[in-house]
Amino acid sequence: MSNSVILKVEHLKKYFPIKAGVFRKIVGWVKAVDDVSFEVLEGETLGIVGESGCGKSTLGMTILRLYEPTAGRVVFAGKEISRLSSSALRPIRKDMQMIFQDPFGSLNPRMRIGSIIEEGMSVHGLYSSTERKEKVRELLEKVGLSADYVNRYPHEFSGGQRQRIGIARAMALSPRLIIADEAVSSLDVSIRSQILNLMKELKREYSFTYLFISHDLAVVRQICDRVLVMYLGRIVEIADKKVIFSRPLHPYTVALISAVPVPDPDYVVDRVILHGDVPSPIHPPSGCYFAPRCPVAERCRKDEPPLVEVENGHWVACHLPGSLSLKRENGDKKC
Amino acid sequence: MTQPQHENMLEVKDIKVYFYDDEGRELKAVDGVSFSVRRGETIALVGESGCGKSVTSMALLQLVDSRGKIVGGKVIFEGQDLLLLPEAKMRTVRGKDIAVIFQEPASALNPVYTIGEQIIEAIILHQKLSFRQAREVAREMLRLVGIPEPEKRLNEYPHELSGGMKQRAMIAMALSCRPKLLIADEPTTSLDVTIQAQILELIRELQKKLGMSVILITHDLGIVADMSQRVVVMYAGKVVEEADRTEIFKNPLHPYTIGLLRSIPRLDREQTKLETIPGVVPDPSSFPVGCRFRGRCLYESPTCCEVPPPTLVGNNHLVNCHHWQEVRQGKETARF
Amino acid sequence: MNRGSKRWFKKFFSNFSAVLGFVLLLFFLGVALFAPYIAPPKPGRDAYMMPIVTWSSDPIPPSREHPFGVAGKRDIFYGVVWGTRTAFRIGIIVTISSTLIGLVIGSIAGYFGHLVDELLMRVTDIFMAVPFLVAALVLATILGAGLDKVIIALIVFSWMYPARLIRGNILQVKEEQFVMAAKALGVSDLVVILRHVLPNSIFPVLIQASMRMGSLVITAAALSFLGLGAPQGYADWGALLNYARNWMLGSQGQALQYWFMTVFPGLAMVLFVLAWNLVGDALRDIFDPRLRV
Ligand SMILES: Nc1ncnc2c1ncn2[C@@H]1O[C@H](COP(=O)(O)OP(=O)(O)OP(=O)(O)O)[C@@H](O)[C@H]1O
Ligand SMILES: Nc1ncnc2c1ncn2[C@@H]1O[C@H](COP(=O)(O)OP(=O)(O)OP(=O)(O)O)[C@@H](O)[C@H]1O
Ligand code: SF4
Ligand SMILES: [Mg+2]
Ligand SMILES: [Mg+2]
Chain A
1 MSNSVILKVE
11 HLKKYFPIKA
21 GVFRKIVGWV
31 KAVDDVSFEV
41 LEGETLGIVG
51 ESGCGKSTLG
61 MTILRLYEPT
71 AGRVVFAGKE
81 ISRLSSSALR
91 PIRKDMQMIF
101 QDPFGSLNPR
111 MRIGSIIEEG
121 MSVHGLYSST
131 ERKEKVRELL
141 EKVGLSADYV
151 NRYPHEFSGG
161 QRQRIGIARA
171 MALSPRLIIA
181 DEAVSSLDVS
191 IRSQILNLMK
201 ELKREYSFTY
211 LFISHDLAVV
221 RQICDRVLVM
231 YLGRIVEIAD
241 KKVIFSRPLH
251 PYTVALISAV
261 PVPDPDYVVD
271 RVILHGDVPS
281 PIHPPSGCYF
291 APRCPVAERC
301 RKDEPPLVEV
311 ENGHWVACHL
321 PGSLSLKREN
331 GDKKC
Chain B
336 MTQPQHENML
346 EVKDIKVYFY
356 DDEGRELKAV
366 DGVSFSVRRG
376 ETIALVGESG
386 CGKSVTSMAL
396 LQLVDSRGKI
406 VGGKVIFEGQ
416 DLLLLPEAKM
426 RTVRGKDIAV
436 IFQEPASALN
446 PVYTIGEQII
456 EAIILHQKLS
466 FRQAREVARE
476 MLRLVGIPEP
486 EKRLNEYPHE
496 LSGGMKQRAM
506 IAMALSCRPK
516 LLIADEPTTS
526 LDVTIQAQIL
536 ELIRELQKKL
546 GMSVILITHD
556 LGIVADMSQR
566 VVVMYAGKVV
576 EEADRTEIFK
586 NPLHPYTIGL
596 LRSIPRLDRE
606 QTKLETIPGV
616 VPDPSSFPVG
626 CRFRGRCLYE
636 SPTCCEVPPP
646 TLVGNNHLVN
656 CHHWQEVRQG
666 KETARF
Chain C
672 MNRGSKRWFK
682 KFFSNFSAVL
692 GFVLLLFFLG
702 VALFAPYIAP
712 PKPGRDAYMM
722 PIVTWSSDPI
732 PPSREHPFGV
742 AGKRDIFYGV
752 VWGTRTAFRI
762 GIIVTISSTL
772 IGLVIGSIAG
782 YFGHLVDELL
792 MRVTDIFMAV
802 PFLVAALVLA
812 TILGAGLDKV
822 IIALIVFSWM
832 YPARLIRGNI
842 LQVKEEQFVM
852 AAKALGVSDL
862 VVILRHVLPN
872 SIFPVLIQAS
882 MRMGSLVITA
892 AALSFLGLGA
902 PQGYADWGAL
912 LNYARNWMLG
922 SQGQALQYWF
932 MTVFPGLAMV
942 LFVLAWNLVG
952 DALRDIFDPR
962 LRV
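Protein chains in written order, with the working numbering: chain A, 1 to 335; chain B, 336 to 671; chain C, 672 to 964.
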């Protein structure tokens, strides 16, 4: 794995206006992504986890400039893309692609599979028309579908097959960075592992860099190199996967990991049950956003904890890192 | 408390629910499902999307879509066959003796009535209580499911509550008549893991307090390991295996159960390559004849074109597979 | 025929009301097409003017010669048959024009959003706030009587419905993931709209248009009934009803004496509206089951 930074996100913010009344006046802001900074190395897979509504998708979309950032910078392959005009951005789009969550909604129901996969290549003027057709067939086989499907429509496929088509579409442009937003969440377990294996294989073959957005920690554990945990629009912890799953330091990460039910009756974990609901990003609490639900919070309600590097590559935003730890009785025995 | 007269509170015998599509084809969505639930026990109905979990559980209450029909079977609840009850009688069973929590709290609550109105309506429907008393019970139930300021919440509309709160309100409504059996149809799929942990904890606590039986429907084997005593694994409208929890996880004998268990990404350890079940879940219009797992199975042989007989292997462990003995010895026919 | 369209076909005809609507519509089309054979006009006369068949202004009940009877000195049968053409003409011209106007305005509003949207939608709201019939009535009065004036009045007050619908649909489709996916591929905005957004929002508009076709004819007839539509003697269902205005109550002790004056043109109108509605319903079921209420 080379060590060059392919993506650098600096103080990125995305606020959505809330409008109300007859004149649609702006009455507040949803701080979906609130001052987020991190780097992604070429060839690595960075997992982004967090609960529903914490801003994972918004982060992905804002990085790709599918949403306009409210503030902050996104540097991709050494070029700042957060302020490029949309026409200057278009050629760069070739190098960053997205795989979407919804296998049903992300394919245009009125287009044939062939044209769906080919569209990106023709937009960027890659290859001749016959080469493109050939390439589409190749890609279909690559993702485990028959090349003869080119003339079918999306509704003739199952969820897992559609997700493969979405992957083929993203790969068609040979991108360097692929953002996969909940790419396997809507699939059944038996299909999910097929798709995960496919993504892993393709990565090995083409050394893509993945930003893997998911709320499923078990999936993240199987596919990522590093993990970034978000809560209410902010990063609470970043670390290597091994570190996150063995020594999480932020109480939220601990609660999150301990809450996942494990399909093994012998796996007994001291479950941290959080109380209360995820607060809304419209009126985030003062101080540490997690304080109202945090079992160990003290002064945290007043001061906002900065994201600091507590050990090499392990960043935590908490006043009391490590005061809540993951207690398992025999969970790690097989590691 | 009256003493139980029957060991099994509920016995489902060979229930069949068929649907009829536009072309008039018969879709055997649920085809001969049997299981039983003991008093105070939690059984889990697991399987992937479309395997017939919801249809089975709704059929227990005679609730089937107009395109479908219960074409056979028995549902013995406390000694009485529910399928023979007339609709009017059935209505007194629904909600009172058997309550349901639905997968989507958002669509199961009526947006134009307050939470209070909906719970109170459910209570008055089944119990001889005045409005005032019913309101009191409703408030108590909301408190019981851990909703803060229950008095205030009674007057709020569903959209004013978060997803987790709505699910709690649904649970409060379901439990307000102290049912003997609770059907929880994927009660946490639309919720976050930390909220899911809260809700599961809550269901477990309430079950202990009220002593009811629970049928927990889920596709998440993690939840099964956590919550249930017995497990019924369904595939394509049929039960493929049924056993006690530890038995299912430690000693699974049906190739599908094994595949399912192996293909789950594990939180507790790293896997270099995830195991998979080849192929896709079949559509009800194209279920294979004989064993419905054919075509995806690692143990398949020509015998499998016959419907596999239910076999009792050891302690309360039922499996529907011709080759369970080979499975036990791990002899795959290795077609793939 | 490929598999997909075969399925549509099957679905369409498996539904009784869809078949009924379709048959009714075909029937009306047939009547309109073959009007010169069904009710031959007098040579050299304007076929759309109902010939005068009697000199007494009293209605004459149906007879062999005048199967639907006579009203206002004119043959009701002739009026109903040629009125079918008028109904189609009004319906089609108004629907197509208003749908096109609505399509353009709705697309602009939905696509550009923000201020443009705000402005166009407020204008739309103003137009919608005025009761349709009253507005059309006032405008037709200002412009003067005549079929073309009625058509203009109807267009002016019905483009808002498709505009609203297409705007809503564009806003909705704009949020769909496949549109995001196209943008992520680097597809330009215009192509996104033309290839991804419009094809996915056009069907509801067509369905609505077919549903509106019927009600437009009713409105046109109402204007005629009030004497604002077609000139005296023009073959038009509303105008035929107009003749019945003074005779509706029948005579002493025989309330239903002049039933034929209202029943035949009325029935034609009701069936015409029904046909379009049923066909619209069927189209909706075929193209987008999600739209079903
Ligand atoms: N287009 C939008 N307009 C207004 N608010 C938005 C918009 N998109 C997202 N939000 C809000 O921003 C917050 C973050 O949303 P986002 O979709 O990024 O969350 P997420 O982490 O991807 O959640 P999930 O796991 O449910 O997909 C949410 O509160 C959401 O309501
Ligand atoms: N109203 C209906 N008409 C036709 N088929 C139906 C209907 N309802 C359910 N089915 C079919 O019955 C089968 C079982 O559906 P069911 O809803 O019980 O699945 P499930 O196991 O609950 O799945 P999920 O996990 O997705 O909720 C499916 O194949 C489905 O297509
Ligand atoms: S009966 Fe045959 S096909 Fe079915 S699960 Fe057993 S071995 Fe596999
Ligand atoms: Mg998301
Ligand atoms: Mg279900």
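A couple of the hints might just be wrong.
Covered by chain C, according to a simulated footprint, are these stretches of chain A (three or more residues, beta-carbon under 8 Å) [stated by the list, open to error]:
{"#": "1", "stretch": "58-68"}
{"#": "2", "stretch": "118-128"}
{"#": "3", "stretch": "189-200"}
A partial selection of chain C residues facing chain A, derived with a Cβ cut-off under 10 Å [as the list claims (entries may be wrong)]:
{"#": "4", "residue": "D717"}
{"#": "5", "residue": "S727"}
{"#": "6", "residue": "D729"}
{"#": "7", "residue": "I731"}
{"#": "8", "residue": "E847"}
{"#": "9", "residue": "M851"}
{"#": "10", "residue": "A852"}
{"#": "11", "residue": "A855"}
{"#": "12", "residue": "R866"}
{"#": "13", "residue": "P870"}
{"#": "14", "residue": "N871"}
{"#": "15", "residue": "S886"}
Over 10 Å on every C-beta distance to chain A, these chain C residues come out as not near it, computed from the model [unchecked claim]:
{"#": "16", "residue": "A710"}
{"#": "17", "residue": "I723"}
{"#": "18", "residue": "F798"}
{"#": "19", "residue": "F849"}
{"#": "20", "residue": "A853"}
{"#": "21", "residue": "L856"}
{"#": "22", "residue": "G857"}
{"#": "23", "residue": "I889"}
{"#": "24", "residue": "V934"}
Honestly, the hints are just simulated from the structure, not real lab data. Backbone N, C-alpha and C fix where the C-beta goes; we use that ideal spot for every residue, glycine too.
Hint check:
1. 58-68: Coverage by chain C holds for the stretch 58-68 of chain A (3 residues, Cβ < 8 Å).
2. 118-128: holds (count 4)
3. 189-200: n = 0 at 8 Å, threshold three: violated.
4. D717: violated, 46 Å
5. S727: With Cβ-Cβ at 61 Å, over 10 Å, it is violated.
6. D729: Violated, about 58 Å.
7. I731: Because about 57 Å separates I731/C from the closest Cβ in chain A, which is outside the 10 Å limit, the hint is violated.
8. E847: Where the cut-off is 10 Å and the nearest Cβ of chain A is about 6 Å from E847/C, the hint holds.
9. M851: Holds. Min distance 6 Å.
10. A852: holds, 5 Å
11. A855: Holds, because the Cβ-Cβ distance from A855/C to chain A comes to roughly 5 Å (cut-off 10 Å).
12. R866: holds, 8 Å
13. P870: With a closest approach of 5 Å, the P870/C hint holds.
14. N871: Holds, about 6 Å.
15. S886: violated, 29 Å
16. A710: holds, 44 Å
17. I723: holds, 55 Å
18. F798: It holds; F798/C is separated from chain A by about 18 Å at its closest Cβ, greater than 10 Å.
19. F849: violated, 4 Å
20. A853: At about 7 Å from chain A, A853/C fails to clear the 10 Å cut-off, so the statement is violated.
21. L856: violated, 4 Å
22. G857: violated, 4 Å
23. I889: Fine: 33 Å to the nearest Cβ keeps I889/C off the interface.
24. V934: Consistent with the label, V934/C stays out of reach of chain A, its closest Cβ about 46 Å off (over 10 Å).
Violated hints, listed in ascending order, are 3, 4, 5, 6, 7, 15, 19, 20, 21, 22; each of the other numbered hints is respected by the structure.
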